[in-house]
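*Asks:* Chains as they are written, first to last, in this note's numbering: chain F, 1 to 230; chain Y, 1 to 230; chain U, 1 to 230; chain P, 1 to 230; chain V, 1 to 230; chain W, 1 to 230.
Accuracy of the hints is not assured; some may be wrong.
Stated by the list, open to error - Here are the computed lysine to aspartate or glutamate pairs in the DMTMM-like style, where the Cα-Cα straight-line distance is at most 20 Å:
1) P:Lys-188 x P:Glu-21
2) V:Lys-2 x U:Glu-181
3) W:Lys-120 x P:Glu-30
4) Y:Lys-120 x F:Glu-30
To be verified - From chain V, some residues computed to sit far from chain W (all C-beta separations above 12 Å):
5) Glu-204
6) Glu-214
7) Ala-217
To be verified - In silico contact screen, one side only, chain Y against chain U (beta carbon under 7 Å); selected entries:
8) Val-25
9) Ser-205
10) Val-224
11) Arg-226
12) Val-230
Calculated from the structure, these hints are not laboratory results. Don't be surprised by glycine CBs; every beta carbon is placed ideally from N, CA and C.
Below, each chain spelled out in residue letters.
Protein chains: 6
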Amino acid sequence: MKPVAVRNIERADPNALGTFEALGVATVHEALGRSGLMKPYMRPIYPGAQIAGPAVTVLAQPGDNWMIHVAVELCRKGDVLVVGCTADNTDGMFGELLATGLRARGVKGLVIDAGCRDVKTLTQMGFPVWSRAISAKGTVKSTLGAVNVPVVCAGVNVEPGDAVVADDDGVVVVPRRLAVEVAQKAQKRADDEVEKRRRWEAGESSLDMYNMREALAKAGLRYVDRPEDV
Amino acid sequence: MKPVAVRNIERADPNALGTFEALGVATVHEALGRSGLMKPYMRPIYPGAQIAGPAVTVLAQPGDNWMIHVAVELCRKGDVLVVGCTADNTDGMFGELLATGLRARGVKGLVIDAGCRDVKTLTQMGFPVWSRAISAKGTVKSTLGAVNVPVVCAGVNVEPGDAVVADDDGVVVVPRRLAVEVAQKAQKRADDEVEKRRRWEAGESSLDMYNMREALAKAGLRYVDRPEDV
Amino acid sequence: MKPVAVRNIERADPNALGTFEALGVATVHEALGRSGLMKPYMRPIYPGAQIAGPAVTVLAQPGDNWMIHVAVELCRKGDVLVVGCTADNTDGMFGELLATGLRARGVKGLVIDAGCRDVKTLTQMGFPVWSRAISAKGTVKSTLGAVNVPVVCAGVNVEPGDAVVADDDGVVVVPRRLAVEVAQKAQKRADDEVEKRRRWEAGESSLDMYNMREALAKAGLRYVDRPEDV
Amino acid sequence: MKPVAVRNIERADPNALGTFEALGVATVHEALGRSGLMKPYMRPIYPGAQIAGPAVTVLAQPGDNWMIHVAVELCRKGDVLVVGCTADNTDGMFGELLATGLRARGVKGLVIDAGCRDVKTLTQMGFPVWSRAISAKGTVKSTLGAVNVPVVCAGVNVEPGDAVVADDDGVVVVPRRLAVEVAQKAQKRADDEVEKRRRWEAGESSLDMYNMREALAKAGLRYVDRPEDV
Amino acid sequence: MKPVAVRNIERADPNALGTFEALGVATVHEALGRSGLMKPYMRPIYPGAQIAGPAVTVLAQPGDNWMIHVAVELCRKGDVLVVGCTADNTDGMFGELLATGLRARGVKGLVIDAGCRDVKTLTQMGFPVWSRAISAKGTVKSTLGAVNVPVVCAGVNVEPGDAVVADDDGVVVVPRRLAVEVAQKAQKRADDEVEKRRRWEAGESSLDMYNMREALAKAGLRYVDRPEDV
Amino acid sequence: MKPVAVRNIERADPNALGTFEALGVATVHEALGRSGLMKPYMRPIYPGAQIAGPAVTVLAQPGDNWMIHVAVELCRKGDVLVVGCTADNTDGMFGELLATGLRARGVKGLVIDAGCRDVKTLTQMGFPVWSRAISAKGTVKSTLGAVNVPVVCAGVNVEPGDAVVADDDGVVVVPRRLAVEVAQKAQKRADDEVEKRRRWEAGESSLDMYNMREALAKAGLRYVDRPEDV
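Could you put the whole structure together from the sequences, leaning on the hints where they help?
*Replies:* Spelled out as structure tokens, the structure:
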């Protein structure tokens with residue numbers, strides 16, 4: 001790891017980001033081919049937020065939030081800050097003051113593979129955070145990491161400028177170059193679901209809707225009338 | 001495991017289920033002799049729901065929700081769908097569309113030893129789910145499991161038709177044949193607590209209320225006035 | 001471990017406790033030199049509560065809440081009950097009735113390194129609990145522990161009378177003898193933050209605010225304009 | 001749960017057990033249709049043991065090994081003792097003396113969803129144990145459970161007399177009534193592997209051996225020569 | 001936490017330590033009244049070591065091993081170094097060189113609530129370590145902690161000079177002032193077991209040996225002949 | 001994720017790999033600037049192996065080892081197979097037959113962020129595996145992943161051809177382009193340690209060896225003679 005901070009990065013397409021923010025994580029994750037999803041231990045500190053933005057990335061050392069301070073002034077309006085860590089850590093690397101600084105720059109939210117604190121204040125501010133833990137554990141500012149280099153966050157490799165989508169279901173990352181293509185697929189998927197949802201509501205079986213009966217029979221599924229017949 | 005789906009099962013007594021739904025998990029679990037409780041990692045996706053119903057059971061493979069689709073049309077009004085998995089898995093096997101299908105059939109809720117997604121929509125729908133994780137991870141439909149066979153879900157063996165009770169404290173399962181007897185014990189327990197609660201509210205010590213002072217002394221508890229006397 | 005219950009303990013200074021309750025966990029933890037914080041698995045059963053009080057301590061055996069019953073009548077108005085366990089355990093050692101008894105005595109809340117149940121009722125009562133798990137698992141009353149002896153709870157050694165502070169960020173413990181000194185430091189810290197917050201809101205970089213640019217350069221941080229320059 | 005101890009149970013077929021012990025867990029698990037496997041947190045206290053025997057089952061309370069004492073005299077030569085627990089627990093419920101008692105009765109080993117202690121002595125004795133933890137934590141003898149009733153152990157429902165197979169890969173349980181049929185399938189599977197292993201050793205690709213190339217192509221796998229071609 | 005290193009401490013009685021080392025963790029833990037045991041995630045890096053010695057204690061920050069360096073020269077022949085951490089951490093704070101330094105001073109081993117590295121070399125040296133993880137993750141030397149102050153290590157409060165006993169079953173800590181008394185109880189316990197072991201070997205039931213039949217009956221245990229009789 | 005298999009990749013420098021294999025994980029990890037280390041849950045199935053080789057990478061679906069079969073014939077002598085998974089999974093994706101196939105091609109070992117089975121046989125073969133779990137759970141061959149694309153394995157992004165180093169301390173990954181430079185730094189580090197080790201063995205304090213006394217004093221460390229002086 002080289003201790004470096006990159007000032008300028010290319011950001012994912014804004015229209016694609018708008019689509020992602022409207023559709024949410026599950027749809028985008030499917031459109032991406034069921035990859036790019038962060039581990040489910042990443043949870044929002046309060047329910048209801050749904051955001052998408054280009055990643056400004058931070059590689060931090062456990063128990064040290066120095067690099068987050070460095071990253072703040074490199075953020076732009078609409079960005080999402082993404083923090084990975086060189087070792088598993090739950091310390092409260094982020095709180096009210098850093099959130100105030102990010103908010104002043106128009107940053108949409110934070111995704112951090114470590115801990116977060118001041119969650120009551122952050123909730124009142126409406127500044128959304130997805131983190132692996134809530135912890136008041138204070139951190140130091142003594143060891144370098146990097147800003148805007150590729151980082152692994154909660155099991156996903158995030159490149160600066162990649163599209164980060166987060167909601168109550170978790171966090172998914174779309175590589176910057178694929179954002180436009182994935183946004184189209186995601187929109188199509190959402191459009192297709194409108195009719196499907198109507199049929200589900202009407203009580204139609206998905207076995208008919210998706211033509212699964214034949215495949216089930218071929219795979220060997222046997223129906224019996226009563227438990228004793230198994 | 002035989003790949004089989006059982007169409008008709010016997011369901012726990014409706015009156016007993018009504019009692020269970022009114023009294024909740026903790027009381028039912030005590031009345032059952034402190035057994036039948038699923039592991040505490042099973043959490044509701046939103047607070048406040050309290051349900052009881054007969055189990056329709058699913059045995060699924062990790063990352064594969066095919067059998068849940070098979071189970072939907074075998075559910076009846078008032079049922080609770082219970083999904084176990086052949087290996088630990090947090091993938092989002094269940095979401096908005098399956099919930100819509102279950103809701104159309106009058107199913108009360110879902111208990112799944114795996115992940116759930118679309119939690120914001122499910123919360124808006126008021127369709128309660130108890131799961132081990134929230135995850136947008138998509139699943140496939142390629143390997144058979146079984147429906148309405150005994151399954152282990154979160155540490156408890158569930159037979160089809162068993163009474164499943166779920167609230168903010170977790171999930172408990174009452175064997176179908178014991179439902180009526182346990183409902184009576186649970187009701188008695190709840191009735192007895194009314195007077196006890198009044199005495200607790202009045203500040204009476206439980207050591208007197210439950211005659212514990214003698215047993216404590218006999219077991220060797222020693223009271224001292226100050227820390228230095230230990 | 002000696003099976004003993006200590007009746008009278010010295011409690012942390014009430015004014016210091018008032019300051020702690022007003023300022024919350026993160027600030028107090030920093031003022032204590034970043035120690036005394038319980039592990040982040042300790043979570044409130046509902047959001048929003050913020051309390052501070054002197055600890056009445058309980059050492060319990062796994063699956064056994066006998067000693068909590070013993071502790072209730074040794075509590076005074078304003079206390080916080082703190083329960084440690086001789087082995088990791090998530091059983092629901094505490095519920096509505098014990099809460100009613102503690103409430104009748106004016107106890108502010110409970111911190112328990114085990115499970116809690118009846119969380120819906122406790123939420124309605126507004127009786128705050130920080131616990132490692134929510135579980136309906138019933139417990140027995142058969143093995144002695146101790147009351148008002150030092151206990152380790154969620155990684156922190158708690159002496160009877162120590163100041164316990166709890167909010168949405170977790171739980172911190174201030175040794176009784178240090179309470180007044182730490183309260184002064186915490187208040188100073190909070191006062192200093194008022195001006196800092198204003199500067200953060202104005203968009204000033206923390207690198208300037210805290211004079212970090214020189215230290216970063218000295219540590220070897222290199223700024224580059226584009227990813228290709230790394 | 002009823003506090004009961006069943007004296008006489010039907011045990012799985014001895015010849016089938018012999019086959020299981022010779023073939024080991026992975027093969028038996030496959031022959032059973034990829035089910036019946038305990039969770040992978042169950043580990044042997046020393047490597048190399050491989051056993052199979054009919055289950056004598058114990059349902060224990062957390063931190064209480066009373067029922068194991070009850071079970072010992074109900075065991076016969078060749079049995080495997082299986083202990084489940086009503087709540088997650090890692091206490092050292094089993095040690096040298098109980099092992100000496102089981103050994104005196106010809107019991108082959110122990111499978112316990114809790115902790116084990118005296119592991120150095122047990123290793124010297126050559127008495128194999130599969131457990132979820134190693135812990136010296138002492139237990140009490142105060143609350144009843146049951147012996148030779150169905151118990152869930154590490155995620156698997158075990159009926160008294162079921163065939164339990166354990167080796168360095170873990171533990172699998174074959175329902176008693178299926179033991180003979182599964183033993184035949186397992187033996188066939190093992191026989192088939194002899195030729196397969198020879199072909200693997202010769203460096204033949206499994207894509208040819210199992211005719212997977214066509215299925216891969218049909219599923220959409222694309223081969224490219226270099227990373228740049230992706 | 002005050003950043004301080006205490007040069008001279010009082011150490012537990014050498015004869016008691018000798019008894020502890022001979023008898024091992026399980027027996028000492030029982031003699032102490034079933035308390036003082038570290039959590040079972042503390043495992044030896046290689047099997048077979050059994051030690052006891054007075055604790056030299058270190059409170060370290062996550063990812064920082066500076067204080068271990070400070071502690072080395074404060075150790076004496078026969079000591080056991082005990083390292084607690086202000087937050088959960090698995091970084092490899094300890095390796096070959098520090099072990100060489102401790103060995104040169106006659107230190108018996110290390111107990112660390114964090115990670116350890118160079119485990120192959122440590123095994124070859126025969127320098128025993130009990131740790132929560134094995135990890136090569138390097139640490140820094142930048143933030144102060146303390147040496148020879150009370151620390152919580154793996155759930156146990158350890159005072160400098162307390163008796164630390166460690167073997168394949170885990171780690172137990174005996175308060176210095178109780179060491180002599182506990183050693184006597186432990187020896188008596190071990191002596192009593194000699195006769196008991198003989199009776200276990202002879203196949204006598206523990207229900208007779210410990211007179212448990214009456215208590216079981218009184219508690220309500222019912223024996224039945226066959227599963228159908230439950 | 002695109003379902004693709006890349007046939008030809010560039011591999012890390014052989015001399016650098018030789019150096020890495022000789023020096024082991026901890027030294028290489030330090031030389032890389034304390035990054036690139038997989039999470040410590042990755043453990044060898046038997047102690048003592050130490051390998052280094054270029055990565056052939058696999059992205060697999062949970063419970064599905066189809067892509068590992070595809071990868072085997074793309075491996076060359078000296079390679080290390082690295083398997084990441086799109087979701088956390090402990091199923092036994094790898095066993096004796098696949099190991100036989102890899103061995104026939106001269107592959108040095110396997111690093112898999114999932115489960116491994118047949119560990120007794122693998123140990124006898126001397127085929128080293130680092131995995132997150134040991135599990136006999138069988139897998140299917142039904143969903144595509146990819147071979148020789150970048151994968152995240154146990155928290156580290158691995159590009160095809162990167163240098164993978166594994167021993168008893170864990171697994172570290174060196175980016176292919178940095179391999180030669182890092183090998184030089186690692187060798188220098190190892191050379192420097194020879195003299196250091198001699199001084200440690202002689203009992204010299206590291207506070208003198210690394211000139212830490214002044215820094216400690218400046219940071220505020222205070223030495224006191226006795227606990228009472230704190």
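*Asks:* Decide, hint by hint, whether the structure agrees.
*Replies:* Hint check results:
In summary, the hint linking Lys-188 (chain P) to Glu-21 (chain P) is supported, as the alpha carbons are separated by about 15 Å, within the 20 Å threshold. Between Lys-2 (chain V) and Glu-181 (chain U) the alpha-carbon distance is near 13 Å, which keeps this suggested pair within the 20 Å criterion. For the given pair, Lys-120 (chain W) sits about 17 Å from Glu-30 (chain P) by alpha-carbon distance, which is consistent with the 20 Å threshold. With a C-alpha separation of about 17 Å, the suggested pairing of Lys-120 (chain Y) with Glu-30 (chain F) holds against the 20 Å cut-off.
In this structure Glu-204 (chain V) is separated from chain W by more than 12 Å, as the shortest Cβ-Cβ distance comes to about 36 Å. Every Cβ of chain W is farther than 12 Å from the Cβ of Glu-214 (chain V); the closest lies at roughly 44 Å, confirming the non-interface assignment. Its beta-carbon lying about 42 Å from the closest one in chain W, Ala-217 (chain V) satisfies the requirement of being farther than 12 Å from that chain. Contact between Val-25 (chain Y) and chain U, as hinted, is supported at the beta carbon level, the nearest pair being about 5 Å apart and thus within 7 Å.
Checking Ser-205 (chain Y) against chain U: minimum C-beta separation of about 5 Å stays under 7 Å; hint holds. Hint status for Val-224 (chain Y): holds, given a least beta-carbon distance of 6 Å to chain U, under 7 Å. Interface restraint check for Arg-226 (chain Y): the shortest CB-CB distance to chain U comes to about 6 Å, inside 7 Å, so the restraint holds. Taking 7 Å as the C-beta contact cut-off toward chain U, the hint placing Val-230 (chain Y) at the interface holds, the least distance being around 5 Å.
Every hint, counting from the list given before, is met by this structure.
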